[in-house]
Amino acid sequence: MEDLGLKIFGAILTTFMAFAVGMTYGGIVRKLTARVQNRYGPPVYQNFLDLLKLQSKKTNIAHGFMGHMAPVWIIIAAVTVLMFIPILNGNLWFPNLSFHGDLIFLLYMMVFGSLGMALGAGQTGNPNSAIGVTRGLSQMVGYEIPFVLALVALMIQYETTSVQDLTQIQHETGVWNAFANPFAFLAALFASLGMFRYSPFDIVGAPAELASGPVSEFGGKYLGTMMSGGAVFAFIKLTLYVHLFFGGAGNPDNSGIWATLAGIGILLIKTFLLYMIPVFYGWINPRYRTEQAIRYFWGWPTALGILGVLWAVYIY
Amino acid sequence: MENDKNSQKIVDYIQNFSRKHSLFVLAYGTGCGAIEIPATMTSRYDAERFGIRGAATPRQADVLLITGYLSTKTLKRVIRVYEQMQEPKYVIGFGSCTINGGMYYDSYNTINGLDQYLPVDVYINGCMPRPESVISGFVKLQELIQDGKANNGEKYRENLEHYRTNQKKIIKNWKMPDYNW
Amino acid sequence: MTDLVKENKLLDAVSQAFKIKGKVIRNRRVEVYADKNMVSSILLFAKKQLGYIHMAHMTCVDWIDQGEFELVYTIYSPIEKITLFVKTRIDRENPEMENIDSIWDQANTYEREMREMFGIEFPGLVGEHDFILEDWDQIPPMRKEFDTHKYSAETFFSRPGREDAKEVRDELSKRSGTIVPDFAKKYSRE
Amino acid sequence: MVREKETTLYLGPQHPGITGNMMVKLKVQGDTVVSASTHVGYLHRAFEKLIERRNWIQAFTLLCRFCVPEPDPMELTYARAVEDLDNREVPERAKYIRVIVMELARMQSFMLWYAGQAGSAGLYMIPQWSVGDRNYILDLFEDLTGGRIYHMYIWPGGVRRDIPEGWADKTLRTMDYIEKRLDEYNKVLFDNTIFQKRAQGVGIVPKDKAIEWGVVGPVLRGTGIKSDVRIDEPYEVYDKIDFDIPTQEGGDIWARALVRKEEIRQSIRIIRQAITHMPGGAYYNKVSNPMKWTVPAGQAWARTESVRGEIGFHVTSDGGNKPYRVHVKGAAYTHGVTVLEKILPGQNIADVSFILNSLGVCPPEIER
Numbered sequence: 065m066e067d068l069g070l071k072i073f074g075a076i077l078t079t080f081m082a083f084a085v086g087m088t089y090g091g092i093v094r095k096l097t098a099r100v101q102n103r104y105g106p107p108v109y110q111n112f113l114d115l116l117k118l119q120s121k122k123t124n125i126a127h128g129f130m131g132h133m134a135p136v137w138i139i140i141a142a143v144t145v146l147m148f149i150p151i152l153n154g155n156l157w158f159p160n161l162s163f164h165g166d167l168i169f170l171l172y173m174m175v176f177g178s179l180g181m182a183l184g185a186g187q188t189g190n191p192n193s194a195i196g197v198t199r200g201l202s203q204m205v206g207y208e209i210p211f212v213l214a215l216v217a218l219m220i221q222y223e224t225t226s227v228q229d230l231t232q233i234q235h236e237t238g239v240w241n242a243f244a245n246p247f248a249f250l251a252a253l254f255a256s257l258g259m260f261r262y263s264p265f266d267i268v269g270a271p272a273e274l275a276s277g278p279v280s281e282f283g284g285k286y287l288g289t290m291m292s293g294g295a296v297f298a299f300i301k302l303t304l305y306v307h308l309f310f311g312g313a314g315n316p317d318n319s320g321i322w323a324t325l326a327g328i329g330i331l332l333i334k335t336f337l338l339y340m341i342p343v344f345y346g347w348i349n350p351r352y353r354t355e356q357a358i359r360y361f362w363g364w365p366t367a368l369g370i371l372g373v374l375w376a377v378y379i380y
Numbered sequence: 010m011e012n013d014k015n016s017q018k019i020v021d022y023i024q025n026f027s028r029k030h031s032l033f034v035l036a037y038g039t040g041c042g043a044i045e046i047p048a049t050m051t052s053r054y055d056a057e058r059f060g061i062r063g064a065a066t067p068r069q070a071d072v073l074l075i076t077g078y079l080s081t082k083t084l085k086r087v088i089r090v091y092e093q094m095q096e097p098k099y100v101i102g103f104g105s106c107t108i109n110g111g112m113y114y115d116s117y118n119t120i121n122g123l124d125q126y127l128p129v130d131v132y133i134n135g136c137m138p139r140p141e142s143v144i145s146g147f148v149k150l151q152e153l154i155q156d157g158k159a160n161n162g163e164k165y166r167e168n169l170e171h172y173r174t175n176q177k178k179i180i181k182n183w184k185m186p187d188y189n190w
Numbered sequence: 007m008t009d010l011v012k013e014n015k016l017l018d019a020v021s022q023a024f025k026i027k028g029k030v031i032r033n034r035r036v037e038v039y040a041d042k043n044m045v046s047s048i049l050l051f052a053k054k055q056l057g058y059i060h061m062a063h064m065t066c067v068d069w070i071d072q073g074e075f076e077l078v079y080t081i082y083s084p085i086e087k088i089t090l091f092v093k094t095r096i097d098r099e100n101p102e103m104e105n106i107d108s109i110w111d112q113a114n115t116y117e118r119e120m121r122e123m124f125g126i127e128f129p130g131l132v133g134e135h136d137f138i139l140e141d142w143d144q145i146p147p148m149r150k151e152f153d154t155h156k157y158s159a160e161t162f163f164s165r166p167g168r169e170d171a172k173e174v175r176d177e178l179s180k181r182s183g184t185i186v187p188d189f190a191k192k193y194s195r196e
Numbered sequence: 016m017v018r019e020k021e022t023t024l025y026l027g028p029q030h031p032g033i034t035g036n037m038m039v040k041l042k043v044q045g046d047t048v049v050s051a052s053t054h055v056g057y058l059h060r061a062f063e064k065l066i067e068r069r070n071w072i073q074a075f076t077l078l079c080r081f082c083v084p085e086p087d088p089m090e091l092t093y094a095r096a097v098e099d100l101d102n103r104e105v106p107e108r109a110k111y112i113r114v115i116v117m118e119l120a121r122m123q124s125f126m127l128w129y130a131g132q133a134g135s136a137g138l139y140m141i142p143q144w145s146v147g148d149r150n151y152i153l154d155l156f157e158d159l160t161g162g163r164i165y166h167m168y169i170w171p172g173g174v175r176r177d178i179p180e181g182w183a184d185k186t187l188r189t190m191d192y193i194e195k196r197l198d199e200y201n202k203v204l205f206d207n208t209i210f211q212k213r214a215q216g217v218g219i220v221p222k223d224k225a226i227e228w229g230v231v232g233p234v235l236r237g238t239g240i241k242s243d244v245r246i247d248e249p250y251e252v253y254d255k256i257d258f259d260i261p262t263q264e265g266g267d268i269w270a271r272a273l274v275r276k277e278e279i280r281q282s283i284r285i286i287r288q289a290i291t292h293m294p295g296g297a298y299y300n301k302v303s304n305p306m307k308w309t310v311p312a313g314q315a316w317a318r319t320e321s322v323r324g325e326i327g328f329h330v331t332s333d334g335g336n337k338p339y340r341v342h343v344k345g346a347a348y349t350h351g352v353t354v355l356e357k358i359l360p361g362q363n364i365a366d367v368s369f370i371l372n373s374l375g376v377c378p379p380e381i382e383r
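Protein chains in written order, with the numbering used here: chain H, 65 to 380; chain A, 10 to 190; chain C, 7 to 196; chain D, 16 to 383.
Pulled out of the complex, with its shape left as it was, chain H reads as follows (with noise of 0.2 Å):
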């Protein structure tokens, strides 16, 4: 175990970029926003000066022990499932316990971070977080359908359940999932709108009817630790999609210092295109009510995860 040290490095680097890319994607965002609706908009450093603002708050207003634990479940949650999914595949710097992680794992440790959030926030007592819970549990119910359907949709076609062997399949083969089975990919395109809680589906933290949500009650330190988890869990995702559908990042035989930043400059170019996709769909669009969320949920979206199981059963 002579690269243990190795192995180590490698995780710890994992978090800490994990961290920077999903606060710099949403900065970029932020100032990207602020280009389409015309003016300049904030530095695209400023979710990290939020961030430091918040941590440095005098004052911390917690409600009970779910009220301090909620922040920590949704840091924990998300640096675990971190751990469990490829960043580079067969890359002797981020392993990471990649190889263990299998889809289903994945998608049960996903559930944890809305679980810490819903838990915190029903501890708070504030009605808009205990609506604002309902409401994220019942979006979350509406798009898990989809993006079940789609992963089913892959395991049966490549009788397997580890996300490495996913890409390693393709890799050798040289075509992408996206096109292997483009249902499955469409199905799991529109989970992921629901997923980033983009403009037609934020209605979990609507600041128009609910006054944000669940996060109402938490601020300084809380609200800080919830946004850097939700930092890294929108990292975890595009990193999972890119993997499962856009063939992974970086080519597994050598693993020299050039060839793996190579790999993570590919992986960002990726992530960042899949990044795009929900925001520009929630640029121009109003949100939808709650049931009519669920409702486009298990339209359209879940006819192509069924669609993309038969493709993947009958046709391949």
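Please keep in mind that the hints were generated in silico from the structure rather than gathered at the bench. Just so it is clear, the structure is predicted and the values come from calculations on it, not from any experiment. Worth double-checking, as some hints may not be accurate.
[Stated by the list, open to error] Not close to chain A: a few residues of chain C, all C-beta gaps over 12 Å, as computed:
#	residue
1	S21
2	W69
3	I85
4	I109
[Stated by the list, open to error] Computed cross-link-like contacts, BS3-like style, restricted to lysine-lysine with a CA-CA straight-line distance of at most 27 Å:
#	chain 1	residue 1	chain 2	residue 2
5	A	K181	D	K40
6	C	K42	C	K25
7	D	K337	C	K29
8	C	K29	C	K12
9	C	K54	D	K357
10	D	K337	C	K93
11	D	K241	C	K87
Idealized CB from N, CA, C, for every residue including glycine.
Chains A, C and D: place on chain H using the hints.
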């Protein structure tokens, strides 16, 4: 650590720098000046390039804007909201109504001086200040924060008695927490 | 002046039906003076028969030297485009008037405001007493005998130096070099 | 059917969704509203009492601070009521200027409505665009009257100063620019299926009960009843200008939105006609000494069409140099209390602030 004073200064500098560049303004239009807040936050005057963003609830907010006159009924809610906010918190008084009662000085329902009831950091005078002067008010507040002089949160906490007696003179039945621990 | 045919026809219709006096002020404006307990029947008659369905306004004027409140009901007919004022006088000491929520639901808001601002009692009025003010212990504030300037000076702190703005004048004269007179006294309202 | 637990939700004075400073107390079952009651009084500055302490000219500076999104109809209604009492003639040119100022105020308030309606639906693109472009109209006001929001420009007898030269064609240029921008707003907002899904069939004001509840303005025209003070009782020079009053059937948020979308086009038409036909001559029928000016005794009632509907001033004078009693009725007086409490039950919580924006409720009109 003999140079803990210097290290403390560095930490203060960094904290004040981050507080200065990221002000969350509470979305609460208490008076008639609230019509200039959307104008300041949107595309022509764009306060977001200074890092000024709206916050939905007092927990997340740093800056409380008292935009214009303040009736006694609103004062009761403003005090409640101010005490829910987390330190360091700042209050900006908009328009001459917060300075000396302005045009409604002889009204039976509006207060004449805001700083008897809440510690105020920055006043912006004018009968409905323009977005430019609103932004200059924010910039003045940012300078105060950078020099570490904007600590009215503690001032409110230390002489709570003074503020409480003034507030209770106007607000009759005080069904609000007293924080007299 | 257009010949006020429609206005006079309306005035005769109402005054015949209820034996009350009235006047045509100008085109599109007719006013009728009625006794307190006839007001609701006049309004119902105007609404149902004459088509005055839009209740534009309802106000109360405090004639303190005559010791009376004057209630003015302004109703308007979109077809004939005439505004009819039904005016009545009620005693000022213990003012009491029947509420007309049954004719127009929106009257409830006007009546709640008058009850709070003038102290007029509307028996059977739905809605809490505190409509605009909160925990108000003085006399209803819109009555003429309530002096708002004195109340405001007593309850709210006023920043010193506002009486004659002395330091403002000194500053102005210092900057402009001329002597700035005590302008406050010339135009003060007292 | 087991009765679901009923919680009380205070959409309190401090709430990003509430326009202005009022409180709507909702009794909620699950996601649907069971009962609603409006609590106002947060912006009460007793300005009717203060007017009784000021003389006729000083009172007019208080008036425009009365309802902030659109201050000009207040000044015009007060001026017309006093002119009615004083039967003071207004020069022709002042009437045209007043119509231009009224329509410009209506347009900037419509653009605020665009911002409120789209912002409460979650489409944050439109508020940034519309409030940003509204500043162009406020620049016009600044050149004309010196103030962005509060103009204190229309006073009894005419207007305070004449149109600066070059202002007329600057207005025409702004109108062309805004007309072009409006097409983009409509493309983003009205052609969006999610906005249609959210707006259609929500917050319906029934046509038969509309006049009964005192509904006025675009909300009334949204239910299909064609009523507008500029047509029913033409004041200033509205009878010399041809424009039409859009109405829609249905009475829901979608119908009201379509009415407002069309009305802002009519305002542009009116301004263009008013600028081209404006005569020369005096702009102010001078009052001898504003401080000592006494208005003959009597009562006057004047109505104007503001963006939210009919605004009425009931001015009483006892012949002194101070108004004896001024009582103002804004459109939101009935929309914010009676109409809101009647149409909210049964709606989803998500739509409360959406409906509030579509009714155009401006809280200071309720308690002044």
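Status of the hints after comparison with the structure:
1. S21: holds (41 Å)
2. W69: About 21 Å separates W69(C) from the closest Cβ of chain A, which puts it past 12 Å; holds.
3. I85: Nearest chain A Cβ is 38 Å from I85(C), so the label holds.
4. I109: The claim holds: I109(C) sits with its nearest Cβ about 31 Å from chain A, beyond 12 Å.
5. K181(A) to K40(D): holds (22 Å)
6. K42(C) to K25(C): holds (14 Å)
7. K337(D) to K29(C): holds (26 Å)
8. K29(C) to K12(C): holds (13 Å)
9. K54(C) to K357(D): holds (23 Å)
10. K337(D) to K93(C): holds (23 Å)
11. K241(D) to K87(C): Given pair K241(D), K87(C) holds - Cα atoms ~13 Å apart, limit 27 Å.
Of the numbered hints stated above, none is contradicted by the structure.
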